[in-house]
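Colleague: Sequence:
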Amino acid sequence: MTELRVPALVLAAGGGSRLGGRPKALLRHRGRTLLEHTLLAARDGGCDETVAVLGAAAAEVRSRVDTGDCVLVDNPAWPTGLSSSLRAGLAALPAGASAVLVLLVDTPGVTAEAVRRLLASHARRTDLAACAYHGRRAHPVLIGAAHFPELLATSTGDAGARALLSSHPVALVDCTGVAAPDDLDTPADLARWHIS
Numbered sequence: 202m203t204e205l206r207v208p209a210l211v212l213a214a215g216g217g218s219r220l221g222g223r224p225k226a227l228l229r230h231r232g233r234t235l236l237e238h239t240l241l242a243a244r245d246g247g248c249d250e251t252v253a254v255l256g257a258a259a260a261e262v263r264s265r266v267d268t269g270d271c272v273l274v275d276n277p278a279w280p281t282g283l284s285s286s287l288r289a290g291l292a293a294l295p296a297g298a299s300a301v302l303v304l305l306v307d308t309p310g311v312t313a314e315a316v317r318r319l320l321a322s323h324a325r326r327t328d329l330a331a332c333a334y335h336g337r338r339a340h341p342v343l344i345g346a347a348h349f350p351e352l353l354a355t356s357t358g359d360a361g362a363r364a365l366l367s368s369h370p371v372a373l374v375d376c377t378g379v380a381a382p383d384d385l386d387t388p389a390d391l392a393r394w395h396i397s
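Counting in our numbering, the sequence shown runs from 202 upward without gaps.
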């Protein structure tokens, strides 16, 4: 039986244009930056390694955020959309990954338990899975390595993995009550989550 090896890929390049140009990776929640929160969820949830893609204020993120042994990748094309970060991150994954678990830096309600549940679904040989909340698919998502070529071919702009996930069956992993899928796009979102 092939060994399963699942790194996390954290997309953390956004410049927060709808938040007054505040890079999301540097926003703070409960005493930590959002990037630190996301890296902890990946590590504590059981991901083997973590790759984080930086873009806006990358040098500041590197100097201010405790990223531990996470592999940091700079994406100078980050203004073109999330897909460019997805491509940069996939290129930096360790050899032999059986899947990747994709996390967004602006979802502070995603927990280690949600990560554990996705990894457990992969251990049962699921190769496309997503957390679901009250029956609706959301983040994070797990993508098996066999799908990487199609993901690279169909990912454009800010769509990310949307085309891939829309054209294949996706196992929904219920995370209702153990995590929350909310992303941070507006000042009202920041207020609701007490983000500074």
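Keep in mind that the hints were calculated from the coordinates and are not lab data. What you are looking at is a predicted structure, and each value in this text was computed from that prediction instead of being measured. Keep in mind that the hints are not guaranteed to be accurate.
[Said to hold, decoys possible] Pairwise CB distance ranges (calculated):
no., residue 1, residue 2, range
1, 337, 314, 27 to 33 Å
2, 358, 292, 36 to 42 Å
3, 386, 281, 16 to 22 Å
4, 261, 387, 20 to 26 Å
For glycine and all other residues, C-beta sits at the position ideal for the given N, C-alpha and C.
Colleague: If you test the structure against every hint from before, which numbers come out violated?
Modeller: Those not satisfied are hints 1, 2.
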